[in-house]
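Protein chains in written order, with the working numbering: chain A, 1 to 64; chain B, 1 to 148.
These are calculated hints, taken from the structure and not from any lab test. Heads up, a few of these hints could be off.
Stated by the list, open to error - Residues of chain A clear of chain B, computed beta-carbon distances all greater than 10 Å:
#1 V7
#2 M11
#3 E34
#4 R53
#5 E57
#6 D64
As the list claims (entries may be wrong) - Quick list of simulated restraints, FRET-style, between CB atoms:
#7 G85/B to E17/A: 49 to 55 Å
#8 Q21/A to L124/B: 35 to 41 Å
#9 D64/A to D53/B: 38 to 44 Å
#10 H12/A to C10/B: 35 to 41 Å
What the hints assert, rightly or not - Stretch-level coverage of chain B by chain A, calculated; a stretch enters the list once three of its residues show a Cβ under 8 Å from a Cβ in chain A:
#11 24 to 33
#12 130 to 143
Cβ coordinates follow ideal geometry from the N, Cα and C atoms, glycine included.
This is what each chain is made of:
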Amino acid sequence: MKNKIKVFRAMHDMTQEDLAQAIGVTRQTILAIEKGKYVPSLDLAFRIARHFRVNIEEVFMYDD
Amino acid sequence: MKKNTFYLMCGCIALILLAIFWYSVEIHNPLFIEIAFLIGITIAYFARKRVTDLVEDERSAKINEQAVLRTFQVFWVVFCAFSIGAVMQILYIPQGPRVFFPQPPLALLSPRMMGYFQLALLCLMIFLYVGFRIYYARKYGDWETDEE
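So that you can see chain B by itself, here it is in the shape it has in the complex:
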């Protein structure tokens, strides 16, 4: 399979997943999109293994490695800060009568809000990875031009 065919295929999978997501919201069945997402990723993974004109050498492996490492280093700090905040909310014990020190609003910790936070963190992880990937690709000469 050619590289461009693979990219087109990924685009098609993304569009189909978006349609399934919409349908899943319509029928209010999250399991539908969850299974579809897993199948979509599996198809993309096996399609990726069949790409023939995508040469991966030690430089591209190093770029990936560095980008993943830096993403992880930044992400765990953000994730830890978020988790500490969430744990603080759970462990909150009012000092004195509850009348004067009411419990913090639980809406912040509702499953729906946690889902949004997780989605935001996932987006952050993707942005961090793309940013670091561009940085290291530039550092190791990905966009260098030559007279040839």
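Just chain A, same shape as in the assembly:
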């Protein structure tokens, strides 16, 4: 699962810590998701997408 969290963070001028606090997870979790070490649950993926006010498909891409 690929994602564009880093891009959206840059667009919104947010640090990992800011995003983590906004959606109620640790900074390590954001870092792990960005690096592809951890695949978030559907609930967390939706929360991230909603925070950036975009559709989930724009943030997360399923990798075949």
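For this one, chain A is given, so just place chain B on it according to the hints.
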């Protein structure tokens, strides 16, 4: 309560329990340390619930879940192997006169030895959990570093 305060508190509880354990051995009263241990764990449990700066999210929950599951999977095999051995000793029936086939030494199954075995198994469980916890924390990016 801050996270570090909680860790300090746990250290203090452990030291107090060690002192009580020593005292319990001195006065030869196991009930003393047993009750103290239960009280110590209860205090640590309620103190843990009061920690405010310890964020637990789904990733840390998954790491814990995986570590506990793997620990259980390995531990039950070891525990079962140990238990089968103990049952074999209990069910041992000599084939023939007892003179030629004496009973196995019962010292191995004495309550004291069982206590040591249980302690060893408990230590094994803790080591297994810590090992698996480190493994899954690494797998799910706990020690990843970033440019930020």
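Tested hints:
no. : hint                        : verdict
1   : V7                          : holds, 15 Å
2   : M11                         : holds, 16 Å
3   : E34                         : violated, 8 Å
4   : R53                         : holds, 22 Å
5   : E57                         : holds, 21 Å
6   : D64                         : holds, 23 Å
7   : G85/B to E17/A: 49 to 55 Å  : holds, 53 Å
8   : Q21/A to L124/B: 35 to 41 Å : holds, 39 Å
9   : D64/A to D53/B: 38 to 44 Å  : holds, 41 Å
10  : H12/A to C10/B: 35 to 41 Å  : holds, 39 Å
11  : 24 to 33                    : violated (count 0)
12  : 130 to 143                  : holds (count 4)
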